[in-house]
Amino acid sequence: MEKSFGKTTVLKDLNFTVAPGERVTLIGPSGSGKTTILRLVMTLEELTGGYIFVDGEPLTHTEKNGKRVELPSKTTRAMTTRIGMVFQQFNLFPNMTVLENIIEAPIHVLGRSKADAVAEAKSLLDKVGLADKADEHPTRLSGGQQQRVAIARALAMSPEILLLDEVTSALDPELVGDVLGVLRDIAETTDITMLLVTHEMQFAREVSHRVMMFDGGQVLEEGPPDQIFNNPQHERTRTFLSSVQ
Amino acid sequence: MTDNVTTLLNSLPQLWEGIQTTLILTIAGSIGTIIIAIILGLAMTSPHGWMRIPARIIVEFFRGTSLLVQIFWLFYVFPLLGVELDPLMCGIGALSLNYGAYSAEVVRSSIKTVNPGQWEAAIALSLSPARRMIRVIFPQAWALMIPSLATLLIQLLKGTAVVFFITLSDLTDKIQQLRQSTGDTVFAFTVGLVIYFVIAWLIQELMNLLERQATKRLGRRRPNSRSDRREARRDARAESKREAGATTVPGPSSGNVGYGGAL
Chain V
1 MEKSFGKTTV LKDLNFTVAP GERVTLIGPS GSGKTTILRL VMTLEELTGG
51 YIFVDGEPLT HTEKNGKRVE LPSKTTRAMT TRIGMVFQQF NLFPNMTVLE
101 NIIEAPIHVL GRSKADAVAE AKSLLDKVGL ADKADEHPTR LSGGQQQRVA
151 IARALAMSPE ILLLDEVTSA LDPELVGDVL GVLRDIAETT DITMLLVTHE
201 MQFAREVSHR VMMFDGGQVL EEGPPDQIFN NPQHERTRTF LSSVQ
Chain F
246 MTDNVTTLLN SLPQLWEGIQ TTLILTIAGS IGTIIIAIIL GLAMTSPHGW
296 MRIPARIIVE FFRGTSLLVQ IFWLFYVFPL LGVELDPLMC GIGALSLNYG
346 AYSAEVVRSS IKTVNPGQWE AAIALSLSPA RRMIRVIFPQ AWALMIPSLA
396 TLLIQLLKGT AVVFFITLSD LTDKIQQLRQ STGDTVFAFT VGLVIYFVIA
446 WLIQELMNLL ERQATKRLGR RRPNSRSDRR EARRDARAES KREAGATTVP
496 GPSSGNVGYG GAL
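Chains as they are written, first to last, in the numbering used here: chain V, 1 to 245; chain F, 246 to 508.
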């Protein structure tokens, strides 16, 4: 894949594969392009070059007669139902209650019945420890609670791929634990493929199968967490890790 | 003065007729304004040029030409083109187009002001563009646009006075008649001011109500609302009480000290 904003190229000749069920953490200094990768996969940014495939199927662009053509937006939207994303700023819809936030897309995108969606939403809320908050407005919840609702909302779409973009960065330190606990639970009990951008190195070490160190839009090095954290090959990785730990 | 009051009382039925015309123009004009504003405002936020550019041209055209000339066009020029409209329709049409163009800009900018994270979350949930707008973006933009719309609708009320030029007898016209029959310019125009002011005030109250509802649906209150200030005072009182409690002798009695004689 390739991505540029105007004349600034953020990602160039980047090529990587994530296996089904694999949990990959992207680390690196800010501006290294790791969040951009998640945003490209979620189709929040336009891919300016190259292709993204989900389970072998093209996401936004495909090759036709040797030319790179954009897929119809409906096709892309059908593909994105398989991908969920949780944001740094939660981005819950303030005009809906917690429950409405969760059931909106399952009902109107996946065509589930309201009863099914509500039952599923309640069990997810239970899972994230917020069963009693279903009828609250998101603005009445703490940051940590909002983020757990956002996780439940993403899971309600039964995604095959979950993108987590610095999901604890906007939280007060004492609320981080709850959110990480929920994510750890998801990692242990489901086989959802995860792509994480995080500064929580301990967490990354615990849940991920693979860590990719980015710098300047390139993969500097990658490997199992133990290798990257204990025995980084690159000087750049070493200085980065010592600056965040 | 008593003569004036008598004349006023006698001309009340006519004044009421004028008020009715003004109200019909204001209400129908406001509805037309909001419909046109939403259509043009949404079109102006479209990523497609074929929607955005014509909408932008229509808005600039109706904002950039005078309301009076637009009314004259509908009333005097349209019949020459074979389209006869009655004066009331001309008034409502011109008011809707003119204020709708201004309001479209309010709709557009409010939609653009909604946090980009809301769009992104809606895309991440694969909501269709229509669903995104109707369920997520517009309800939030609506709360933002109401204060500016209130101002424009009050402007519209005052703008209704120009229909006087196309043979409609509205409040302004009746006030003129009152002035002629009383011969008292100050009195007649003061009555006019008061009546316009009362209608404007009613519009403002209605829009305040809508704004309260819209912000409540977003789970928050209007910034610096009365209930916000009340809550701040309550917090301040609780705070000072806590401090007062802390400075007195701690122990089981400190609660009583804090509450003072009220217990």
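Any given hint might turn out to be false.
[Claimed, not checked] Calculated cross-link-like contacts (lysine-lysine; reagent style DSS-like; alpha-carbon spacing at most 27 Å):
#, chain 1, residue 1, chain 2, residue 2
1, F, 357, V, 7
2, V, 74, V, 114
3, F, 461, V, 114
4, F, 357, V, 74
5, V, 133, F, 357
6, V, 74, V, 64
7, V, 122, F, 461
Hints listed in this document are in silico derivations from the structure and should not be mistaken for laboratory results.
Consistency of the hints with the structure:
1. F:357 to V:7: The hint holds at about 25 Å.
2. V:74 to V:114: Holds, because 23 Å separates the two Cα atoms, which is no more than 27 Å.
3. F:461 to V:114: With a Cα-Cα distance of about 25 Å, the restraint between residue 461 of chain F and residue 114 of chain V holds, given a limit of 27 Å.
4. F:357 to V:74: holds, 24 Å
5. V:133 to F:357: Given that 27 Å is the threshold and the Cα spacing comes to 31 Å, the pair is violated.
6. V:74 to V:64: holds, 18 Å
7. V:122 to F:461: Answer holds: residue 122 of chain V to residue 461 of chain F is near 24 Å, not above 27 Å.
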